[in-house]
Amino acid sequence: MILVLFGISAVVFIMLKLTPGDPAATMLGVQATPQELARVRHAMGLDRPWAAQYGLWLRNLLAGDFGVSYISRKPVAELIATRFPVTLELTVLAMLLAAVIGIPAGIISAARRYSSLDYSITSFALFGVSMPSFWFGILLILFFSLYLRWLPSSGYAAFDRGLVEHLKHFVLPALALGLFLSGSLARFTRSSMVETLAREFIRTGRAKGLSERVVVYRHALKNALIPTVTVLGLQFGFLMGGAVIIEQVFAFPGVGWLALIAIGQRDYPVVMGVVLVIAAVFAVSNLLVDIAYTWLDPRIRYEGRA
Amino acid sequence: MATDLARDDGIERAAAVAAYRPGTGLGALWRALRRHRLAVAGFVVLGLLVFSAVFASVVAPYSPYLIKMPERLRGPSWTHPLGTDDFGRDVFSRIIHGSRISLEVGAIAVGIAVAIGVGLGVGAAYTGGRVDNVIMRAMDIVLAFPAILLAIGIMAILGPSTANVMIAIGIVYVPIFARVVRGSALQVKAQEYVEAARAMGASDQRIVRRHVLPGVLDTIIVQVSLSLAFAILAEAALSFLGLGTQPPTPSWGSMLSSGREWIERAPWLTIFPGVAIFVTVLALNVIGDGLRDALDPRLRL
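Protein sequences appear in the order of chains A and B. Be aware that the first sequence starts at -16, since it is given in this note's numbering, and climbs by one per residue. Be aware that the second sequence starts at 574, since it is given in this note's numbering, and climbs by one per residue.
These aren't lab readings, by the way, just hints derived from the structure by calculation. Wrong hints could be hidden among the right ones.
Computed list of lysine to any residue pairs in SDA-like fashion (alpha-carbon distance at most 25 angstroms, straight line) [said to hold, decoys possible]:
hint, chain 1, residue 1, chain 2, residue 2
1, A, Lys0, B, Thr652
2, A, Lys0, B, Ile793
3, A, Lys0, B, Arg771
Simulated coverage check for chain B against chain A, where a stretch passes if three residues somewhere in it have a Cβ under 8 angstroms from a Cβ of chain A [as the list claims (entries may be wrong)]:
hint, stretch
4, 644 to 654
5, 813 to 822
6, 827 to 841
Here are a few chain A residues that face chain B, going by a calculated C-beta distance under 7 angstroms [stated by the list, open to error]:
hint, residue
7, Ile(-3)
8, Leu1
9, Pro115
10, Phe117
11, Ser128
12, Tyr130
13, Ile228
14, Ile261
A quick note: this is a predicted structure, and the numbers were derived from the prediction, not measured. C-beta: ideal position from N, C-alpha, C; glycine also.
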């Protein structure tokens, strides 16, 4: 885990070093004299070997110093901190939507295998995993904002404009972001349920006269949901990556929006700061899933924990 | 975009395929696949796409760059079946030419990922020990980034262009192939016939070429179909963000992005390029499902 975080930081550092341009020159502008340049380069530690620079950068990072934006001169950590909650809320809402749609769809599909309902759900799921999220977002805007005029087409409303207004702005982006996951969850839940329903204990349950309802919704569901929950957790970081694109579609002021503007301005510390934060969240959420998994399924609790 | 799930999902699916090896040749695979009606439909659609990409200048009624300002933002009609864009260019012709970009990027990016990934995977499995450890830890770290985010980061360094998109997507997908191939290669390596070949004095190179690589072929094929879907989505997404293929070159993603300005006046500019991406990815996903079912009958659900 620590190793992975370390590796992530190393990769981001290397990417930062590979970005074109000299940070000192960028900070000073075109009129800088060679002496000034050398002085600033020395002050920033740019004349030292990469390994030493990495050590310094990592130490600053751990102290919460992500560097300074080339453009706005504000600390990168501050820029990210103000926008991160927006991205986080969008991601969480998208995940909830995906779970609420995808998991029940998969369960129903498996319980009524080969029915017409099953076929419509599996086709919906296949469409979900094949549809580009940003295009689906645009279609949602076309239909719900421009045609029906029910929901705002873009932008963000802070809490102080009221909860309803706040959530209204989240509906379409969260739907667009959650679409892929809901399709994929439906597919995964279905196959997990189908597999569980073929197991011995289910046959025993049926043989001893339990109703189909109890067999499917009590016994099978409990066992089939464990891997589904894991998959759901693992998708959290992926959804955050996806949010970068969806924020662009809906002009949503999260970290993705920040990163995209920064790329346009060649403001590399900001770009890599965002990459680093999302990758770190991803790594931590994967760790939490691993912990949750052993908690959900006691069989996995091994190695001196018994 | 959550296409990353495809990456994750792909590992699991391909791993499941790797676990079960019926020892079928490509002929048997094709026969099994032919029974899968959806996969056949997927192949037909993909075939049409490849055809229109290769013969784009014949299939497309106009040049994708032909500007006719008087005819700008016209809706679909007989002369322009999918309408015209803000420069009066024929949307249908641009989509046909766009298929060339999408398929090229998909094929080359996945080609890069396969070449490097298979090399690393077979190398790691075959050498073992520290080399194996170092390679696989490096792969874990690359996998620790959400795919699309890493691709965006790489594009920020390389600068926007179609060629760079191929490189970025290729790099992002290397670990998948390395991991999946390493798993299969380890299994193949433990087989008795490989041991027999070694006992007969076959060189390492010969063993890898004659026994290990053919043994991991099934796994690679499934992963390629799934990765192509991701690569095409990713190219569209990057171009949509303005980081990929640059205008005026027709790419489905950049067409969507520039069409967004006219969403109220000319919705066809955003609808049709999206349909093209959707249909292509759908075809590839269906083929991927079919391949998985054909290679691993246990997974047929």
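Outcome of the hint check:
1. Lys0/A with Thr652/B: With Cα atoms ~52 angstroms apart, Lys0/A and Thr652/B exceed 25 angstroms; violated.
2. Lys0/A with Ile793/B: With Cα atoms ~34 angstroms apart, Lys0/A and Ile793/B exceed 25 angstroms; violated.
3. Lys0/A with Arg771/B: violated (46 angstroms)
4. 644 to 654: The restraint on the stretch 644 to 654 of chain B is violated, since only 0 of its residues have a Cβ under 8 angstroms from chain A and three are required.
5. 813 to 822: holds (count 4)
6. 827 to 841: Three-residue rule met by the stretch 827 to 841 of chain B, so holds; n is 5.
7. Ile(-3): This interface hint is violated because 10 angstroms lies over the 7 angstroms limit.
8. Leu1: holds (5 angstroms)
9. Pro115: Nearest chain B Cβ about 5 angstroms off; hint holds.
10. Phe117: holds (5 angstroms)
11. Ser128: violated (10 angstroms)
12. Tyr130: violated (9 angstroms)
13. Ile228: Holds, because the Cβ-Cβ distance from Ile228/A to chain B comes to roughly 5 angstroms (cut-off 7 angstroms).
14. Ile261: Holds, about 6 angstroms.
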